[in-house]
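> Sequence:
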Amino acid sequence: MNQSSKTSYDAKDIKVLEGLEAVRKRPSMYIGSTGQRGLHHLVYEVVDNSIDETMAGFCDNVLIILNNDGSVTVVDNGRGIPVKKVEKYNRPAVEIVLTKLHSGGKFDGEGYKVSGGLHGVGLSVVNALSEKLLVEVRRDSYIFRQEYRRGNPVTDLTKGEKTDTHGTIVTFYPDREIFEDIDYKYEILAARMREMSFLNKGLKITLIDQREKPEKKEVFLYSGGIVDFIKYLSEKKEVLHKNPIYLKNQEPGHEVEIAMQYTLGYTESIFSFANNINTTEGGTHLVGFKAAITRTINDYARSIGMLKEKDENLIGEDIREGLTAIISVKLKDPQFEGQTKTKLGNSEMKGFVESTVNSKLAEFLEENPTIAKAIVVRCIDASRARNAAKKARDLTRKKSLFESGMLPGKLADCSVNEPELCELFLVEGDSAGGSAKQARDRRFQAILPLKGKILNVEKARLHKILSSEEIQAIVTAAGTGIGDEFDINGARYHKIIIMTDADVDGAHILTLILTFLYRYMHKLVEDGYIYIAQPPLYQVKSSKEVYYAYSDKEMGKLREKLGNKGITVQQYKGLGEMDPEQLWDTTMNPETRTLLKVEIEDALIADDIFSTLMGDKVEPRRAFIEKNAREVSFIDI
5 MNQSSKTSYD
15 AKDIKVLEGL
25 EAVRKRPSMY
35 IGSTGQRGLH
45 HLVYEVVDNS
55 IDETMAGFCD
65 NVLIILNNDG
75 SVTVVDNGRG
85 IPVKKVEKYN
95 RPAVEIVLTK
105 LHSGGKFDGE
115 GYKVSGGLHG
125 VGLSVVNALS
135 EKLLVEVRRD
145 SYIFRQEYRR
155 GNPVTDLTKG
165 EKTDTHGTIV
175 TFYPDREIFE
185 DIDYKYEILA
195 ARMREMSFLN
205 KGLKITLIDQ
215 REKPEKKEVF
225 LYSGGIVDFI
235 KYLSEKKEVL
245 HKNPIYLKNQ
255 EPGHEVEIAM
265 QYTLGYTESI
275 FSFANNINTT
285 EGGTHLVGFK
295 AAITRTINDY
305 ARSIGMLKEK
315 DENLIGEDIR
325 EGLTAIISVK
335 LKDPQFEGQT
345 KTKLGNSEMK
355 GFVESTVNSK
365 LAEFLEENPT
375 IAKAIVVRCI
385 DASRARNAAK
395 KARDLTRKKS
405 LFESGMLPGK
415 LADCSVNEPE
425 LCELFLVEGD
435 SAGGSAKQAR
445 DRRFQAILPL
455 KGKILNVEKA
465 RLHKILSSEE
475 IQAIVTAAGT
485 GIGDEFDING
495 ARYHKIIIMT
505 DADVDGAHIL
515 TLILTFLYRY
525 MHKLVEDGYI
535 YIAQPPLYQV
545 KSSKEVYYAY
555 SDKEMGKLRE
565 KLGNKGITVQ
575 QYKGLGEMDP
585 EQLWDTTMNP
595 ETRTLLKVEI
605 EDALIADDIF
615 STLMGDKVEP
625 RRAFIEKNAR
635 EVSFIDI
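Residue numbering for the sequence shown is 5 to 641, as defined by this note's numbering.
Derived from the structure by calculation, the hints contain no laboratory data. Computed from a prediction, not measured in an experiment: that's the story for all the values here. A hint or two may mislead.
As the list claims (entries may be wrong) - List time: in silico DSS-like cross-link candidates among lysine-lysine, alpha-carbon distance up to 25 angstroms:
no. : residue 1 : residue 2
1   : Lys548    : Lys577
2   : Lys205    : Lys336
3   : Lys468    : Lys455
4   : Lys189    : Lys601
5   : Lys208    : Lys336
6   : Lys548    : Lys527
7   : Lys468    : Lys394
8   : Lys455    : Lys499
9   : Lys89     : Lys208
10  : Lys235    : Lys463
11  : Lys246    : Lys205
12  : Lys208    : Lys163
13  : Lys377    : Lys312
14  : Lys457    : Lys499
15  : Lys569    : Lys217
16  : Lys235    : Lys221
17  : Lys189    : Lys577
18  : Lys557    : Lys441
19  : Lys235    : Lys364
20  : Lys312    : Lys205
21  : Lys548    : Lys468
22  : Lys527    : Lys347
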């Protein structure tokens, strides 16, 4: 599948569907946002262009440099964007690619057999949203250069010196008029580049940050491809079998690779990709995988007598408990639902993936009976735990806690009945909960005090989770249900704000709550309902004025501004030290407070962080904390 059926990639292969006018007016339509997510999306689009060359079999080396001046350079050793004139426009092909939306060698199936950029917005959108862009093409024995400003060429394509190399170099300067912030986060880019290297076996991606002194550099190269990916994802977890299971199948026009490994944890971590695009909403390939793995393991369990005739089949939830898996498909004409390309719609991929898993996984189980039996035992154990959880849930319902209308006794609810206007504060401790109840605006703010540290759900099954009073209270107050019964339409509040002390214990409680919400009420996080309150660390009084500092850095600036004479400083060790009026002014008043919105930048990073912080292995947790404690005040998951 690697080698394109047609090695020519020339000006006549470049097709244009429409112009670029709308991009600068509505950038969010093309890159998702003008915040951090959109900023990083620019890099992904340029790199995706290089990786399309990799999938066609012409590129094995990509270099990304974060330059001192805020620009980003992406270098590849592909064929180089074509430079001959496109007949219709009488302009060089590279200029068409950079100035016309939906242009490129991907639309007639000739220049590329497989590509990730179905929507083709890539380089032209990056150009439109860049203050300046420089392109250098090494092709046909020469170096060609051109410069652009805000999407428009300011020079013609010039033919320079001779070269025996080939490839494309793009340097772009994100436009400060468009983006709220142009500070690239190295870790976000590193995670994405690692992912791309895993998905393209043998592709070397180098990431260099020249903004750091000394410069930071990482090289990503994985000869094992997605098998190495699974090993990476499972290295912080206890595993059931040492080596991942690897399945592969290829037919004209499409191929599938699957790597999977069972862990001793209780959550499933399944990630699907189509043409290197992370299909976060799943699609036909994921549906096919889930159906086939459920059928295959049930058939095997019955064939060896571990499931008797009288026994019910194991359900998908049982089969996938503790499973880490990567499903990667590559296909000629991908149909993605939505501009953000997060759900695969090709109906033929369901049957293709399903038949692959049915035959190849069955073969693996037959040939590896020790591993196969361990997996079946694991799944039967999960089934028993699920039935215990159902009984626990039914028992809880009988006690009326989950029944509609029965809210937790300690919840101080708000009077407004419109969820989009309402806020629920999850407050650490009864003392702070009492202050918050007095401080709140009763019309739209509800308070739920939480006693102590809630259960670490990373180490517990659902029946144990459901028996936790604090978790029951959160689920009931939220109104959405939990796990497979979760329904976002039942949400009673569109803002759930976690309010904990600004100390180590508070950070631990915050992480426990976030882990629970991420694992069992994921849609609340995904749809932007979860926030973190930012209480102040210090109160500073100077004559008649009162100031609040929310970090040591802010405190330092206040000292510089006010001097040390005639000021009194109070350091807050907990929320309970603030009286209701102070709590309202600093942390709860929508007019004056600061909230952190919890967003999932990358599900793989989030999954890895929760496994590290809340899982069984101590060493990865210690290493993570030591690495990040000094430089991170909050992890944007």
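> Next, verify each hint and record whether it holds.
Here's how the hints hold up against the structure:
| no. | hint | verdict |
| --- | --- | --- |
| 1 | Lys548 / Lys577 | holds, 24 angstroms |
| 2 | Lys205 / Lys336 | holds, 19 angstroms |
| 3 | Lys468 / Lys455 | holds, 18 angstroms |
| 4 | Lys189 / Lys601 | holds, 17 angstroms |
| 5 | Lys208 / Lys336 | holds, 24 angstroms |
| 6 | Lys548 / Lys527 | violated, 46 angstroms |
| 7 | Lys468 / Lys394 | holds, 11 angstroms |
| 8 | Lys455 / Lys499 | holds, 21 angstroms |
| 9 | Lys89 / Lys208 | violated, 32 angstroms |
| 10 | Lys235 / Lys463 | holds, 20 angstroms |
| 11 | Lys246 / Lys205 | holds, 21 angstroms |
| 12 | Lys208 / Lys163 | violated, 29 angstroms |
| 13 | Lys377 / Lys312 | holds, 15 angstroms |
| 14 | Lys457 / Lys499 | holds, 22 angstroms |
| 15 | Lys569 / Lys217 | violated, 38 angstroms |
| 16 | Lys235 / Lys221 | holds, 22 angstroms |
| 17 | Lys189 / Lys577 | violated, 31 angstroms |
| 18 | Lys557 / Lys441 | violated, 30 angstroms |
| 19 | Lys235 / Lys364 | holds, 20 angstroms |
| 20 | Lys312 / Lys205 | violated, 42 angstroms |
| 21 | Lys548 / Lys468 | violated, 53 angstroms |
| 22 | Lys527 / Lys347 | holds, 16 angstroms |
Checked against the numbered hints above, the structure breaks hints 6, 9, 12, 15, 17, 18, 20 and 21 and satisfies the rest.
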